[in-house]
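As given, the protein sequences belong to chains A and B, one line each in that order.
When the first sequence is numbered by this note's numbering, its final residue is 342 and no position is left out of the sequence of numbers.
When the second sequence is numbered by this note's numbering, its final residue is 306 and no position is left out of the sequence of numbers.
By construction, these hints were calculated from the structure, which means they are not laboratory data.
Errors might be hidden in some of the hints.
[As the list claims (entries may be wrong)] Each computed EDC-like pair below joins lysine to aspartate or glutamate, with the alpha-carbon atoms no more than 16 Å apart:
#1 A:283 - B:208
#2 A:280 - B:198
#3 A:260 - B:246
#4 B:109 - B:99
#5 B:250 - A:259
#6 B:236 - B:198
#7 B:250 - A:218
#8 A:279 - B:240
#9 A:221 - B:251
#10 B:182 - B:164
#11 B:254 - B:240
#12 A:279 - B:224
#13 A:286 - B:183
#14 A:279 - B:198
#15 A:283 - B:224
#16 A:287 - B:183
#17 A:283 - B:207
#18 A:66 - A:199
#19 B:250 - A:49
#20 A:280 - B:246
#21 B:57 - B:75
#22 A:271 - B:246
[Said to hold, decoys possible] Partial list, derived from the structure: chain B residues whose beta carbon lies under 7 Å from chain A:
#23 172
#24 243
#25 245
Heads up, the beta-carbon is just placed ideally off N, CA and C, and yes, glycines get one too.
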Amino acid sequence: MTPLYTQINSVGSSILVAENIDGGYIVPDRRLFIHAVDNVSFTLEGNEVLGIAGESGCGKSTLAKIVYGVIEPPLIVRRGRVLIDVGNRNLIDILSSDRETIRREIMWKTLSYIPQNSMNVLNPMKRIRDHFIETLKFHGIEVSKKDVVNYTREVFNSVGLPIDATNAYPHQLSGGMRQRVVIALALMLKPRVVLADEPTTAVDVVTQLGILSFLKEWQKETKCSMIVISHDMGVHAYMDNRIAIMYAGNIVEYGDAEKVFTDPLHPYTKLLIESLIKKGEKSIKKGILGSPPNLANPPPGCRFHPRCPYAMDICRKEEPLETRIGNNYRVKCWLYSNSRR
Amino acid sequence: MSEPPKIFVIVGETGSGKSTLLKLILRMLIPDGGTILYKGRDIFKLNREGVRWYRREVQAVFQDPYESFNPIRRVDTYLYDTAKFLLNIGKSIEAIPIIDEVLRFVGLDLERIKGKSIKEFSGGELQRVSIARAILSRPRLLVADEPVSMLDASLRVSVLNTFKEIRDKLGSSIIYVTHDLSTAYYIGDEIAVLYRGVLVEKGPMDVVYSEPLHPYTKMLLDSILEPDIRIKERIKPVKLSSIEISEFLAPGCKFANRCPYVKPICSSKEPPSIDIDRRTVSCWLYIK
Numbered sequence: 002m003t004p005l006y007t008q009i010n011s012v013g014s015s016i017l018v019a020e021n022i023d024g025g026y027i028v029p030d031r032r033l034f035i036h037a038v039d040n041v042s043f044t045l046e047g048n049e050v051l052g053i054a055g056e057s058g059c060g061k062s063t064l065a066k067i068v069y070g071v072i073e074p075p076l077i078v079r080r081g082r083v084l085i086d087v088g089n090r091n092l093i094d095i096l097s098s099d100r101e102t103i104r105r106e107i108m109w110k111t112l113s114y115i116p117q118n119s120m121n122v123l124n125p126m127k128r129i130r131d132h133f134i135e136t137l138k139f140h141g142i143e144v145s146k147k148d149v150v151n152y153t154r155e156v157f158n159s160v161g162l163p164i165d166a167t168n169a170y171p172h173q174l175s176g177g178m179r180q181r182v183v184i185a186l187a188l189m190l191k192p193r194v195v196l197a198d199e200p201t202t203a204v205d206v207v208t209q210l211g212i213l214s215f216l217k218e219w220q221k222e223t224k225c226s227m228i229v230i231s232h233d234m235g236v237h238a239y240m241d242n243r244i245a246i247m248y249a250g251n252i253v254e255y256g257d258a259e260k261v262f263t264d265p266l267h268p269y270t271k272l273l274i275e276s277l278i279k280k281g282e283k284s285i286k287k288g289i290l291g292s293p294p295n296l297a298n299p300p301p302g303c304r305f306h307p308r309c310p311y312a313m314d315i316c317r318k319e320e321p322l323e324t325r326i327g328n329n330y331r332v333k334c335w336l337y338s339n340s341r342r
Numbered sequence: 019m020s021e022p023p024k025i026f027v028i029v030g031e032t033g034s035g036k037s038t039l040l041k042l043i044l045r046m047l048i049p050d051g052g053t054i055l056y057k058g059r060d061i062f063k064l065n066r067e068g069v070r071w072y073r074r075e076v077q078a079v080f081q082d083p084y085e086s087f088n089p090i091r092r093v094d095t096y097l098y099d100t101a102k103f104l105l106n107i108g109k110s111i112e113a114i115p116i117i118d119e120v121l122r123f124v125g126l127d128l129e130r131i132k133g134k135s136i137k138e139f140s141g142g143e144l145q146r147v148s149i150a151r152a153i154l155s156r157p158r159l160l161v162a163d164e165p166v167s168m169l170d171a172s173l174r175v176s177v178l179n180t181f182k183e184i185r186d187k188l189g190s191s192i193i194y195v196t197h198d199l200s201t202a203y204y205i206g207d208e209i210a211v212l213y214r215g216v217l218v219e220k221g222p223m224d225v226v227y228s229e230p231l232h233p234y235t236k237m238l239l240d241s242i243l244e245p246d247i248r249i250k251e252r253i254k255p256v257k258l259s260s261i262e263i264s265e266f267l268a269p270g271c272k273f274a275n276r277c278p279y280v281k282p283i284c285s286s287k288e289p290p291s292i293d294i295d296r297r298t299v300s301c302w303l304y305i306k
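Sequences and hints are given; from them, build the entire structure.
Here's what the structure looks like:
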């Protein structure tokens, strides 16, 4: 492995900075290391939506877990920092702080996480309203029952949940409704950063659009920042200001969403965008040949080279450098590297 | 479907009854009422020989290829078994050329899958094997239940193209079930839209897509999130409503609660289906 990424010099106005994150899963009895996140860096500015896109198994959910600080075996982090601004330019490194501080000070208050399959995270023994009350209590916020009811009424109304749902147990609600309850919970303490991992999997198109437009509306209103992780490029097109495209544990392209969608540079992004089927299109499309690599034993050099139509000799041997193009745009490909031979 | 082969797409959200409909077509469920005719024969009144004939004629590809195959069995044995039971080719030597041919049709070959179990395949390859198995008996009708929804975007298109080739080169018709309207348009010749177990609109793909008649079809088409950066400006945000469960039991039109054009009659009486301009729609709006 080659440490190639140039250090981020200034944190600037960023609210969250992930630096050189390197992590993966250990399979002890088979002596395997599944290198799911390889030297990934990104920054999140205030009042923006950053999308992380990629196919299944590219490491995007692992990255989300690391950023949120939920590092439990077999997941390990070998390198990197995740700095978050907890107010007044006071930066805390999530990866090196102790769990209790993170739980009390960061989770939910500064950084909220809407997990994948969020319909299955509620406690089945507790009524929905108790989930809200306990979250508030845990963070030491004294509120009257009336305020909780008012909050839930307001937010349930905007996500399309009946107000009676507060008195229900989780199993009495449908999967889509539970998902919306979790979203309401995650936004309750008005966090500065919301991390949404596939917020709309397993819902139909109408509900998907409803949830996403609610999140977008909320983001604009509170001026918080949001990280949206999804494999669905339609979700990214709708939500993102900036986007990071992941392939096999690397961010291969990163920058302004409009540029990535209209004029992508990396061959993987190009092929991916070309293979997407848009509404009202019938012309024959081509997929990308081959399939994503096994992360326990990734190909040498650029991880995309076995599928890349532009693969050169160097791609098979050396990992490409990240090339900066203008301000805040990066692509990890030998085609754009100045030092290419 | 006796005309030229077609791809008939059934679209509906989760819980709209599309998978139940497929199970009925595949004789996996017995209907409470009504009949399904295949080439003029009632498929629930077939004798033993008739069932074998029906299995040869109608084959299926399912959603998750990792669940369609037994994980501890070699994948190629499925192809030999299909050859044995449906084509009466008991000797594997005789089956090899036919199996190799269908595998080549889907972009694989026998060498590559020989002796392997499902763990050694990617999702896209495995789905190709299950398509190869389904077309081994040269079915006239192929039934596909969300066959690409488990696959990654980069692999999806090539599997969809395989279905188009099956229609064009093998001349089989396909019933393709999906909730994804963009792929539906890409692949389909005709479309049927289900809502809460009721067929609300049916017709040629182009007509339904460009001028949907039923309010539900309109809403579906307006909610598609396309992978196109310009949708940010184009799409109108929707408000979510909380009526879900009561809709199945509702008298009258099941969509009445959410419909922007609702009239008093909608919630009391079920709309009849009427034919307008090459398609069928069930909605009170069009009944004069």
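Consistency of the hints with the structure:
The suggested pairing of residue 283 (chain A) with residue 208 (chain B) holds, with an alpha-carbon distance near 13 Å, which does not exceed 16 Å. A C-alpha spacing of about 10 Å is found between residue 280 (chain A) and residue 198 (chain B), which places the hinted pair at or below 16 Å, so the restraint holds. Taking the CA atoms of residue 260 (chain A) and residue 246 (chain B), the gap is about 11 Å. The hint holds against a cut of 16 Å. For the given pair, residue 109 (chain B) sits about 10 Å from residue 99 (chain B) by alpha-carbon distance, which is consistent with the 16 Å threshold.
A distance of roughly 10 Å separates the Cα atoms of residue 250 (chain B) and residue 259 (chain A); the hinted pair therefore holds under the 16 Å criterion. Taking the CA atoms of residue 236 (chain B) and residue 198 (chain B), the gap is about 15 Å. The hint holds against a cut of 16 Å. Straight-line distance between C-alpha atoms of residue 250 (chain B) and residue 218 (chain A) comes to about 12 Å, which keeps the hinted pair within the 16 Å bound. Distance restraint check for residue 279 (chain A) and residue 240 (chain B): the Cα-Cα separation of roughly 13 Å lies within the 16 Å cut-off, and the hinted pair is therefore satisfied.
Simply put, residue 221 (chain A) and residue 251 (chain B) have alpha-carbon atoms about 15 Å apart, close enough for the 16 Å limit, and the pair holds. The suggested pairing of residue 182 (chain B) with residue 164 (chain B) holds, with an alpha-carbon distance near 15 Å, which does not exceed 16 Å. Of the supplied pair hints, the one linking residue 254 (chain B) and residue 240 (chain B) holds, its CA atoms being roughly 8 Å apart against a limit of 16 Å. Using a Cα cut-off of 16 Å, the hinted pair residue 279 (chain A) and residue 224 (chain B) holds, with the two alpha carbons roughly 14 Å apart.
Straight-line distance between C-alpha atoms of residue 286 (chain A) and residue 183 (chain B) comes to about 13 Å, which keeps the hinted pair within the 16 Å bound. Proposed proximity of residue 279 (chain A) and residue 198 (chain B) is supported: the alpha carbons are some 11 Å apart, at most 16 Å. Between the alpha carbons of residue 283 (chain A) and residue 224 (chain B) the distance comes to roughly 10 Å, so the proposed pair stays at or under 16 Å and holds. A C-alpha spacing of about 14 Å is found between residue 287 (chain A) and residue 183 (chain B), which places the hinted pair at or below 16 Å, so the restraint holds.
Distance restraint check for residue 283 (chain A) and residue 207 (chain B): the Cα-Cα separation of roughly 11 Å lies within the 16 Å cut-off, and the hinted pair is therefore satisfied. Our distance criterion of 16 Å between C-alpha atoms is met by residue 66 (chain A) and residue 199 (chain A), whose separation comes to about 13 Å. About 14 Å separates the Cα atoms of residue 250 (chain B) and residue 49 (chain A), which keeps this hinted pair within 16 Å; it holds. Of the supplied pair hints, the one linking residue 280 (chain A) and residue 246 (chain B) holds, its CA atoms being roughly 10 Å apart against a limit of 16 Å.
The suggested pairing of residue 57 (chain B) with residue 75 (chain B) holds, with an alpha-carbon distance near 10 Å, which does not exceed 16 Å. Straight-line distance between C-alpha atoms of residue 271 (chain A) and residue 246 (chain B) comes to about 13 Å, which keeps the hinted pair within the 16 Å bound. Among the interface hints, the one on residue 172 (chain B) holds; its C-beta lies about 4 Å from the nearest C-beta in chain A, closer than the 7 Å criterion. Taking 7 Å as the C-beta contact cut-off toward chain A, the hint placing residue 243 (chain B) at the interface holds, the least distance being around 3 Å.
With a least beta-carbon distance of about 4 Å to chain A, the hint placing residue 245 (chain B) at the interface is held under the 7 Å criterion.
Of the hints listed earlier, there is not a single one the structure fails to meet.
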